[in-house]
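In terms of our numbering, the sequence shown opens at residue 127 and continues consecutively.
Rather than coming from a laboratory, the hints here were simulated on the basis of the structure.
There could be a bad hint or two in this list.
Only pairs whose alpha carbons sit at most 30 Å apart, straight line, appear in this in silico BS3-like list of lysine-lysine [as the list claims (entries may be wrong)]:
1. Lys537 <-> Lys468
2. Lys384 <-> Lys355
3. Lys426 <-> Lys384
4. Lys335 <-> Lys174
5. Lys216 <-> Lys397
6. Lys355 <-> Lys132
7. Lys335 <-> Lys524
8. Lys505 <-> Lys546
9. Lys335 <-> Lys355
10. Lys397 <-> Lys426
11. Lys481 <-> Lys524
12. Lys537 <-> Lys517
13. Lys335 <-> Lys313
14. Lys144 <-> Lys187
15. Lys355 <-> Lys174
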Amino acid sequence: MGEYSKALSSYERSLEIKKIALPPNHPDLATSYNNIGLVYKDMGEYSKALSSYERSLEIKKIVLPPNHPDLASSYNNIGLVYDNMGEYSKAISLYERSLEIKKIALPPNHPDFAQSYNNIGAVYYNMGEYSKALSSYERSLEIRKIALPPNHPDLASSYNNIGAVYDNMGEYSKALSLYERSLEIKKIALPPNHPDLAASYNNIGAVYKNMGEYSKALSLYERSLEIKKIALPPNHPDFAQSYNNIGAVYKNMGEYSKALSSYERSLEIQKIALPPNHPDLAASYNNIGSVYKNMGEYSKALSSYERSLEIQKIALPPNHPGLAASYNNIGTVYDNMGEYSKALSSHERSLEIQKIALPPNHPDLAGSYNNIGNVYAEKGEYSKALSNYEKAQEICKKSLPSTHPHIALVKRNIEIVKNKM
127 MGEYSKALSS YERSLEIKKI ALPPNHPDLA TSYNNIGLVY KDMGEYSKAL
177 SSYERSLEIK KIVLPPNHPD LASSYNNIGL VYDNMGEYSK AISLYERSLE
227 IKKIALPPNH PDFAQSYNNI GAVYYNMGEY SKALSSYERS LEIRKIALPP
277 NHPDLASSYN NIGAVYDNMG EYSKALSLYE RSLEIKKIAL PPNHPDLAAS
327 YNNIGAVYKN MGEYSKALSL YERSLEIKKI ALPPNHPDFA QSYNNIGAVY
377 KNMGEYSKAL SSYERSLEIQ KIALPPNHPD LAASYNNIGS VYKNMGEYSK
427 ALSSYERSLE IQKIALPPNH PGLAASYNNI GTVYDNMGEY SKALSSHERS
477 LEIQKIALPP NHPDLAGSYN NIGNVYAEKG EYSKALSNYE KAQEICKKSL
527 PSTHPHIALV KRNIEIVKNK M
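Using the sequences plus the hints, can you model the full thing?
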């Protein structure tokens with residue numbers, strides 16, 4: 127936090143001097159507002175960042191020719207803030223405006239093109255449009271390989287981002303090798319407590335969590351958190367991510383009270399740092415709901431899951447995988463409460479979205495078929511249960527390592543149903 131406040135007071139002092147010494151629309155004033163915006167963005171204070179960046183842009187529009195690269199930079203920065211605020215359509219249009227100017231103003235393999243494609247990829251990633259994200263990120267990487275030295279931090283960023291898409295597509299081995307490639311470069315290029323190293327440890331931890339290797343995941347998440355405590359201000363949104371991820375591992379390990387306290391710590395930070403309908407708040411309510419569900423506190427679980435779904439309906443496109451996860455979770459609670467018809471319709475709603483949003487062998491589809499199978503099994507409709515469990519098993523075998531706990535779970539469900547038929 128100290129470094130941010132030092133930077134901020136230095137930039138603000140500089141601005142005061144410039145206001146006295148320079149004419150009102152001097153380009154140096156635009157630079158000052160831009161720098162102040164950058165610090166606020168890094169502190170997670172997005173509305174302040176936005177007003178500083180927009181003030182900078184106003185001055186640039188007056189003093190610069192219409193296709194000057196500095197205008198592209200302003201549109202890009204404003205887009206970045208909207209992306210962080212979860213306002214994805216605004217972010218995309220600003221990033222594309224920035225890219226159009228760059229196409230006129232810059233030579234074809236300039237590193238700034240890579241930044242534009244990278245940022246557009248990031249928005250598509252946040253919207254759950256993984257194939258579009260992948261093509262934008264790969265376009266960015268191609269340019270960076272031509273334009274930059276081999277251990278430049280921006281290459282690390284590209285490998286990291288492509289890894290994140292593969293992680294969400296359930297292609298864990300590809301994700302792991304890309305994340306590790308990214309980390310290798312960061313270790314060479316960055317100081318030891320740089321926030322980007324924290325991000326790498328976090329991402330590698332996430333893949334291990336998805337692969338069911340929980341102790342590895344936990345130690346990586348904690349390594350990430352230690353760096354953040356040194357590098358970031360106390361209520362930065364990235365802390366929420368760390369507590370959230372640690373909570374997820376504890377939940378999977380069955381340590382529910384630890385999970386709950388981690389998730390609630392995450393939510394407290396998000397309420398301070400983010401706008402009220404940000405997708406990350408939805409994720410926190412969802413996670414708290416999942417712990418209550420596992421503890422058998424179904425009414426608490428349901429209200430958390432429904433709070434999550436309300437936010438997602440505002441914040442996300444209608445076929446986003448996050449909505450599928452919410453319907454799936456609500457369905458599971460209804461199943462546990464013995465309300466089978468409500469459970470079935472929620473799980474089927476989830477599956478419909480997943481079929482549109484995800485690749486055909488994604489592990490989340492297996493989860494949906496398994497859950498639909500569970501409801502039919504509870505209803506005593508064993509042949510319907512079996513066919514859904516078998517679909518789940520087929521996908522699990524293609525998409526998960528053979529030691530993953532979900533494979534054993536589905537196998538056990540099949541055995542139980544066969545014994546009852």
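>> Need the status of pair Lys397, Lys426: alpha-carbon distance at most 30 Å?
In response: Roughly 19 Å separates the two Cα atoms, so the pair holds.
> Given the hinted pair Lys426 and Lys384, is their alpha-carbon gap at most 30 Å?
Replying inline: holds (17 Å)
> Do the alpha carbons of Lys335 and Lys524 lie within 30 Å of each other, as the hint requires?
Replying inline: holds (18 Å)
> Are the Cα positions of Lys384 and Lys355 separated by 30 Å at most?
Replying inline: holds (20 Å)
> If you draw a straight line from the CA of Lys505 to the CA of Lys546, is it 30 Å or shorter?
Replying inline: holds (12 Å)
>> With the threshold set at 30 Å, check whether the alpha-carbon distance from Lys481 to Lys524 stays at or below it.
In response: Holds. Lys481 to Lys524 sits at ~16 Å (cutoff 30 Å).
>> Hint check: Lys335 vs Lys313, CA-CA at most 30 Å. Holds or violated?
In response: holds (23 Å)
> Does Lys335 pair with Lys174 here, judged by a C-alpha cut-off of 30 Å?
Replying inline: Cα-Cα ~36 Å, so violated.
>> With the threshold set at 30 Å, check whether the alpha-carbon distance from Lys355 to Lys132 stays at or below it.
In response: holds (17 Å)
> Has the given pair, Lys335 with Lys355, been kept, meaning a C-alpha gap of at most 30 Å?
Replying inline: holds (22 Å)
> Holds or violated: Lys144 with Lys187, Cα cutoff 30 Å?
Replying inline: holds (19 Å)
> Are the Cα atoms of Lys537 and Lys468 separated by 30 Å or less?
Replying inline: holds (26 Å)
Violation of the numbered hints given earlier is confined to hint 4; every other hint is satisfied by the structure.
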